[in-house]
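Enquirer: Respectively, the protein sequence lines represent chains A and B.
For the first sequence, the working numbering begins at 1 and goes up steadily by one.
For the second sequence, the working numbering begins at 1 and goes up steadily by one.
Please keep in mind that the hints were generated in silico from the structure rather than gathered at the bench.
You may find that some hints are simply not true.
Using C-beta positions, here's what the derived DEER-type ranges look like [claimed, not checked]:
| # | chain 1 | residue 1 | chain 2 | residue 2 | range |
| --- | --- | --- | --- | --- | --- |
| 1 | B | 39 | A | 163 | 23 to 33 Å |
| 2 | A | 29 | B | 97 | 52 to 62 Å |
| 3 | B | 160 | A | 285 | 54 to 64 Å |
| 4 | A | 326 | B | 146 | 51 to 61 Å |
From the three backbone atoms N, C-alpha and C, an ideal C-beta is built for every residue, glycine too.
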Amino acid sequence: MWKALQEQGVKHSFGLTGGSVIPLFDEYFKDNCGIRHIPVRHEQGAAHAADGYARASGKPGVCIATSGPGATNLVTGIMTAFMDSSPIVALGGQVPTSLIGNDAFQESDMIGITFPITKHNYQVRSPNRVRAIVQKAFNLASSGRPGPVYIDLPKDALAGKVEKEESLESMNGKKNQTAGFEELKKAAELLLNAERPVLLIGGGVILANASKEAEELALKYNIPVTTTLMGKSAFPETHPLSLGMLGMHGRKAANYAMVNSDVVFAVGCRFNDRITGKLQTFLQNATLIHTDVDAAEINKNVKSQLSLRGDAKQVLKEVLKIAEKITARKSNEWSEKMKKLAKECECNINLSSNPIDPRKVIFEINKAIKEEDIVTTGVGQHQMFAAHFLKRTKPRTFISSGGAGTMGFGFPAAIGAKLAKPESEVLNIDGDGSFGMVVQELGTCKAESIKVTPVIFNNSYLGMVRQWIELFYEKRYSAVCLGASPDFAKLAEAYCVKGITVERHSEIQPALQQALKNDETTVLNVLIAQESNIVPMFAAGTSINEMFGDCVPKGYFNGD
Amino acid sequence: MKCLETACLKDISTAIRMSEEKRKHIVGMLVKDEPGVLAKISGLFTRRGFNIDTIVVGKTNLKGISHIVISLQGDERTIEQLDKQVAKLEDVVKLADFKEEESIVREHCLLKINSAESIQKLEKACKKHNASILHTNHKFAIVELVEEPEKIDAFVQEMAAFGIKELSRSGINALKKE
Numbered sequence: 001m002w003k004a005l006q007e008q009g010v011k012h013s014f015g016l017t018g019g020s021v022i023p024l025f026d027e028y029f030k031d032n033c034g035i036r037h038i039p040v041r042h043e044q045g046a047a048h049a050a051d052g053y054a055r056a057s058g059k060p061g062v063c064i065a066t067s068g069p070g071a072t073n074l075v076t077g078i079m080t081a082f083m084d085s086s087p088i089v090a091l092g093g094q095v096p097t098s099l100i101g102n103d104a105f106q107e108s109d110m111i112g113i114t115f116p117i118t119k120h121n122y123q124v125r126s127p128n129r130v131r132a133i134v135q136k137a138f139n140l141a142s143s144g145r146p147g148p149v150y151i152d153l154p155k156d157a158l159a160g161k162v163e164k165e166e167s168l169e170s171m172n173g174k175k176n177q178t179a180g181f182e183e184l185k186k187a188a189e190l191l192l193n194a195e196r197p198v199l200l201i202g203g204g205v206i207l208a209n210a211s212k213e214a215e216e217l218a219l220k221y222n223i224p225v226t227t228t229l230m231g232k233s234a235f236p237e238t239h240p241l242s243l244g245m246l247g248m249h250g251r252k253a254a255n256y257a258m259v260n261s262d263v264v265f266a267v268g269c270r271f272n273d274r275i276t277g278k279l280q281t282f283l284q285n286a287t288l289i290h291t292d293v294d295a296a297e298i299n300k301n302v303k304s305q306l307s308l309r310g311d312a313k314q315v316l317k318e319v320l321k322i323a324e325k326i327t328a329r330k331s332n333e334w335s336e337k338m339k340k341l342a343k344e345c346e347c348n349i350n351l352s353s354n355p356i357d358p359r360k361v362i363f364e365i366n367k368a369i370k371e372e373d374i375v376t377t378g379v380g381q382h383q384m385f386a387a388h389f390l391k392r393t394k395p396r397t398f399i400s401s402g403g404a405g406t407m408g409f410g411f412p413a414a415i416g417a418k419l420a421k422p423e424s425e426v427l428n429i430d431g432d433g434s435f436g437m438v439v440q441e442l443g444t445c446k447a448e449s450i451k452v453t454p455v456i457f458n459n460s461y462l463g464m465v466r467q468w469i470e471l472f473y474e475k476r477y478s479a480v481c482l483g484a485s486p487d488f489a490k491l492a493e494a495y496c497v498k499g500i501t502v503e504r505h506s507e508i509q510p511a512l513q514q515a516l517k518n519d520e521t522t523v524l525n526v527l528i529a530q531e532s533n534i535v536p537m538f539a540a541g542t543s544i545n546e547m548f549g550d551c552v553p554k555g556y557f558n559g560d
Numbered sequence: 001m002k003c004l005e006t007a008c009l010k011d012i013s014t015a016i017r018m019s020e021e022k023r024k025h026i027v028g029m030l031v032k033d034e035p036g037v038l039a040k041i042s043g044l045f046t047r048r049g050f051n052i053d054t055i056v057v058g059k060t061n062l063k064g065i066s067h068i069v070i071s072l073q074g075d076e077r078t079i080e081q082l083d084k085q086v087a088k089l090e091d092v093v094k095l096a097d098f099k100e101e102e103s104i105v106r107e108h109c110l111l112k113i114n115s116a117e118s119i120q121k122l123e124k125a126c127k128k129h130n131a132s133i134l135h136t137n138h139k140f141a142i143v144e145l146v147e148e149p150e151k152i153d154a155f156v157q158e159m160a161a162f163g164i165k166e167l168s169r170s171g172i173n174a175l176k177k178e
């Protein structure tokens with residue numbers, strides 16, 4: 001098995017051992033094939049770490065669990081990777097084939113359980129098939145629209161001797177179709193002749209390593225750019241043409257651009273309800289050109305007028321090539337207007353108030369980290385503060401659970417990202433709720449000498465839910481206050497890593513510097529104003545241009 | 001194609017813009033004959049909210065490949081999504097849309113009919129529909145018909161007059177004419 005993994009270029013794996021996978025780790029003990037296995041404290045951490053590894057490196061991440069509860073603990077992590085199209089290969093132990101179906105000890109039907117949340121799954125019923133299946137799984141996970149693949153490993157298939165190895169199939173996997181010349185030409189013409197074009201970048205651009213091409217297209221033809229949460233970092237957010245993220249907690253510039261644009265070129269995004277708002281008003285004035293590698297995404301949520309099926313990099317390259325021969329519109333009126341609006345959306349977040357305003361933490365993080373450093377997040381208010389206000393300029397430097405919205409993702413994902421990019425600092429922006437779900441991985445950090453920096457936005461609330469209750473349920477705070485949160489700094493010390501509590505805004509930067517300087521994991525427990533809200537936003541089910549809250553400049557469009 | 005203006009493209013899209021109307025859809029797929037493949041396909045249908053009317057599974061002339069024919073009702077959007085989602089499954093090798101005019105569509109039906117009244121009358125009715133009587137005794141007859149689903153509907157309706165004791169339909173099977 002390890003040999004098979006090594007053949008696929010695996011350098012790290014994350015997991016937790018158990019009865020059914022003893023033979024697997026026995027093999028590892030004898031010969032690890034140059035692979036470093038990171039034992040985690042809970043299998044969910046292994047799946048998220050593999051996911052973080054994949055997102056930071058672009059290569060499939062590997063997680064391993066034993067049968068039954070071990071394997072089911074991977075499920076949330078596999079689902080998270082599935083929703084965000086992240087390539088992971090999950091290996092789960094299984095009871096011996098002779099016992100399958102007998103409700104044996106620690107048996108669970110993982111093929112049935114993981115089917116809806118994987119691209120595909122395999123049960124290896126003979127040692128002879130291990131190598132071939134591993135090869136297929138890696139190929140599948142990383143090709144086309146990437147995603148998780150699960151491999152179920154009955155104990156006898158792991159322990160048995162390979163007698164006659166099944167031959168490795170030549171990969172006749174489904175081919176990616178790419179849009180034809182006529183369609184590409186039409187797209188280029190529409191885009192270049194548009195009066196009010198917008199480039200909408202989704203996670204697909206990062207997955208396809210197409211950031212360079214997207215940037216070239218935007219800069220060359222002066223097209224304002226917005227990104228989804230998953231597309232964040234694909235286009236430098238410090239560039240004047242960057243409108244920032246769109247959607248529920250996006251920027252007004254981005255949302256208004258969607259509503260008022262005449263041609264939207266969407267690349268590698270799937271129009272989730274968090275970005276479209278009320279569908280009837282989304283893109284009401286625009287012709288939509290939609291590119292996706294997965295045909296099923298085209299016309300799924302939003303109908304496109306022109307669809308370009310294919311890998312984002314390939315399509316963008318082709319469009320760029322064709323665009324050379326087309327005379328583009330000359331007017332800069334739209335892009336200038338959008339640049340100005342984008343600039344006005346930059347409100348002052350250097351807020352010197354106590355208790356600490358969460359935006360101030362982001363302000364200090366922006367100052368403290370370098371371009372190539374990686375930020376991961378949990379899910380909730382802190383995630384949206386980061387998504388809205390944090391500036392990222394290099395692809396794969398912002399890692400967050402988008403589609404699934406999995407609390408507890410950020411910390412283990414940071415561990416994975418750190419192993420993928422040891423030369424980068426990895427910061428985990430997290431909430432006290434999210435971090436509390438995976439806090440046990442501090443043990444992993446200590447035991448394996450992995451340095452990441454969790455920055456906890458601690459408000460003793462499940463903040464995003466509290467915000468919704470405040471805004472939409474008349475402050476009936478039901479089951480949302482976490483009450484006495486642990487002292488996360490002391491908790492860190494209990495795990496024999498470092499912890500700093502930050503209570504005043506002036507302490508944030510020094511604490512960050514200290515944490516980044518330390519050569520081991522340092523948890524920053526930042527006590528923020530308990531009832532601060534992440535705004536601007538629009539309410540679920542309303543139009544994306546019905547934004548309210550701070551940072552919503554007015555007077556740019558009719559009826560503002 | 002000279003259809004570059006936004007307006008023109010919009011017109012096309014409105015024309016295609018999915019009528020909400022439901023229609024019958026028959027989809028065929030060649031699948032790898034792996035354990036659990038049927039569960040995977042029917043699971044996908046359930047998960048995405050597609051309601052299966054009939055499903056037929058059987059072996060083919062190709063080694064390790066089975067043929068599945070599924071019929072269902074759905075609006076254009078549902079059907080488009082369904083085809084695309086099914087096509088993504090690793091076990092699905094090939095997908096076919098059995099449009100009525102391009103395909104031979106058949107269903108197999110077995111009925112247990114009360115024959116106490118008049119076997120002659122029953123024989124006559126069966127003859128009219130090209131149905132065969134496979135078995136008779138003093139109480140009932142077992143009748144078989146292979147036909148297009150609508151014709152089976154008509155036959156079943158006629159048989160109702162005799163009294164249907166049991167009925168089993170195979171679900172829709174199909175092949176393309178070309």
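Enquirer: Of the numbered hints stated previously, which ones are contradicted by the structure, given in increasing order?
Expert: none
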